[in-house]
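So the sequences go chain by chain: A and B.
Residue numbers for the first sequence follow the numbering used here, so the first one is 2 and each next one is one higher.
Residue numbers for the second sequence follow the numbering used here, so the first one is 2 and each next one is one higher.
Simulated from the structure, these hints should not be mistaken for lab results.
Every residue, glycine too, gets a C-beta built ideally from N, C-alpha and C.
Where hints are given, some of them may not hold.
[Stated by the list, open to error] Under the rule of at most 25 Å between Cα atoms (straight-line distance), these lysine to aspartate or glutamate pairs were calculated in the DMTMM-like manner:
| hint | chain 1 | residue 1 | chain 2 | residue 2 |
| --- | --- | --- | --- | --- |
| 1 | B | LYS170 | B | ASP271 |
| 2 | B | LYS136 | B | ASP212 |
| 3 | A | LYS285 | B | GLU267 |
| 4 | A | LYS285 | B | ASP271 |
| 5 | B | LYS58 | B | ASP13 |
| 6 | B | LYS294 | B | GLU32 |
[Said to hold, decoys possible] Here are the computed distance ranges between Cβ atoms for each label pair:
| hint | chain 1 | residue 1 | chain 2 | residue 2 | range |
| --- | --- | --- | --- | --- | --- |
| 7 | A | ARG278 | B | ASP55 | 34 to 40 Å |
| 8 | A | ARG30 | B | HIS254 | 24 to 30 Å |
| 9 | A | ARG103 | B | ALA89 | 34 to 40 Å |
| 10 | A | PRO259 | B | ASP271 | 25 to 31 Å |
| 11 | A | PRO259 | B | ARG278 | 17 to 23 Å |
| 12 | A | ARG278 | B | ALA82 | 42 to 48 Å |
| 13 | B | PRO125 | A | PRO31 | 37 to 43 Å |
| 14 | A | ARG30 | B | GLN44 | 39 to 45 Å |
| 15 | B | SER262 | A | LEU18 | 38 to 44 Å |
| 16 | B | HIS254 | A | ALA60 | 55 to 61 Å |
[Claimed, not checked] Some chain A residues well away from chain B (every beta-carbon gap over 10 Å; in silico):
| hint | residue |
| --- | --- |
| 17 | TRP29 |
| 18 | ILE33 |
| 19 | PRO41 |
| 20 | ALA59 |
| 21 | ASN79 |
| 22 | ARG114 |
| 23 | LYS136 |
| 24 | SER150 |
| 25 | GLY168 |
| 26 | ASP196 |
| 27 | LEU223 |
| 28 | THR253 |
| 29 | HIS260 |
| 30 | LYS294 |
| 31 | PRO334 |
Below are the chains, spelled out letter by letter.
Protein chains: 2
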Amino acid sequence: MIPTPYLLFLGDAPDALAAKVAQGIRDWRPEIAVGQVRLPGCQADMGLPDMTLDEAKAAGAKTVVVGVANRGGRMADNWIAFLSDALAAGFDVASGLHTMLRDQPALAEAAARAGQELHDVRVPTVQYPIADGQKRTGRRCLAVGTDCSIGKMYTAMAMDREMQARGLKSTMRATGQTGILVTGAGVPLDAVVADFMAGAVEWLTPDNDADHWDHIEGQGSLFHVSYSGVTMALIHGGQPDALILCHEPTRTHMRGLPHYSLPTLEALRDTALPLARLANPACKVVGVAVNTKALSDDEAQTCVKEIEARMGLPTVDPVRHGAGRLVDALVDPHGSSRSSEEARKGR
Amino acid sequence: MIPTPYLLFLGDAPDALAAKVAQGIRDWRPEIAVGQVRLPGCQADMGLPDMTLDEAKAAGAKTVVVGVANRGGRMADNWIAFLSDALAAGFDVASGLHTMLRDQPALAEAAARAGQELHDVRVPTVQYPIADGQKRTGRRCLAVGTDCSIGKMYTAMAMDREMQARGLKSTMRATGQTGILVTGAGVPLDAVVADFMAGAVEWLTPDNDADHWDHIEGQGSLFHVSYSGVTMALIHGGQPDALILCHEPTRTHMRGLPHYSLPTLEALRDTALPLARLANPACKVVGVAVNTKALSDDEAQTCVKEIEARMGLPTVDPVRHGAGRLVDALVDPHGSSRSSEEARKGR
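Just chain A, same shape as in the assembly (with noise of 0.2 Å):
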């Protein structure tokens, strides 16, 4: 286990979304996170305290979580420099960069010479297996986003808060560095050996209750070309009865590919559903998730009724309006908020 609670480290993040690893944390276990540290040319900023290592140890921090995820998981000098400095003053280090904390050298040292431990949450820990595709008892819903970093670990949390909440059996499966750090356990999906990844998928997600729930966390996205193969064997391993579309209305391009343009919601609808019909005959599109974080309230909100007339699906932002209508569509999809049009259509 980690020790919490966690001073966030942001480095020097070119942006707020480089920094979602914080931010995940920041979001859904406020409770943990002390403070911040920016370094000079640092874009991101969680709101909490900008505290020094001294301020951090006097408000009880015990780990410095890297809270920032650069494109290829590389890590700066400049980074090693101050994860050093906090090792030496007591801290535990944890991060889920592909780079791993325990293979640089200074870090390695530094640990051992203070005596405290570095955390790479993004190391497998368990030998998974090859993926059988035997269906499963239980039920398991599934986020894909027209793009990466789009909302779809949020979409998932707030779908299992509000089952939880109702009082209904659910489980939040993460499969990334920050719904690993946020909920304690899961599966480092995208630094899984590819033949096992739907294997890890089929482990972290096992037969249950039949009236249980996962909520998976997705991971990149099907129209996302670097990231492809990951979506595709969390569909296929993952087994969905439901899909949630997410998408983010303001985004211009595929995150870190400027000349790859978004697909539509249809788009991701017409390609994720059948290949997720492959290995769950059953699997509905049950809702869209959309991030309305860059919109007002009043643009939100047309926004969503927009895309709620034209896919004939239950929309919402889950972080702005709850979970409620998308939980609704899991657990009562024959309810009031179903379209007439949608229960025309069978999705």
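Fit chain B to the given chain A structure using the hints.
Chain B in isolation, oriented as in the chain A frame:
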């Protein structure tokens, strides 16, 4: 480099397909395969002389190649005993299993004692990049299958050899253990960490002359739930200009998944082509390769004619009939081998 020639170890392969690594070497580099070793219960046969280690030594063999791929890549105890003997007798040992030779203490010890080398070809030796999806120069052909182990590598090998024989610019790009053992280079794609799969394929098929074709060895199948993510990474990382559809007409269910039936060639085309066009809008399906090994000559002829008429695409068994018509479809797409129906459809 792995010393040749090879002695092919078939272990206790439960069927011929399990020994497909050995078969690939036997079929494409027979000059480097001097004999075979079969344990009790082995159901595979390369048609090579069965040899003891002493006999193989006398025949000049330098390396014992583990030519059998177990599901999940585990190494059995009776294999380790034989391979330890081989090391003691002065052979190197090469393997493409996920379970590494070097991680078996008995083999590591035997190799050190004998002064021989262990060659794990399924270990990525390169720090592959994250895919960037940038358009590359040169052209690429990818074989995709209705199932795994269906002839994708043979199709690529046959097309590459045909192009070489015609004096055209062509390179075979191996992505699996057999291809790497046959060609001497490549990416062991199913052992690459998930986030870097598509980047590894981009790395493998870099910018090239405008009239140069890479023949990319396919892996898995979009319809095989255990491995579909690997196939997806090949489609998006490879950004193919041309797809070849591969099929085996007597297969009754997906390899290793008795509860999953095979898709039709039409379903494969309609699933793979839109996904491929995301990375390369100009991608076309140019032909069908049928593995007719289980059929008589007459049956094979009937089968490929039926598929050709149905699909409107040049259809051959590249091993039985040669890959000439598939290469024609690549380099002479408006030639006489293209049916009018196909031209009308623009495929």
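query: Broken hints, numbered, in rising order?
result: Numbers 1, 7, 8, 14, 23, 26, 27 and 29 - these are the hints that the structure violates, sorted from lowest upward.
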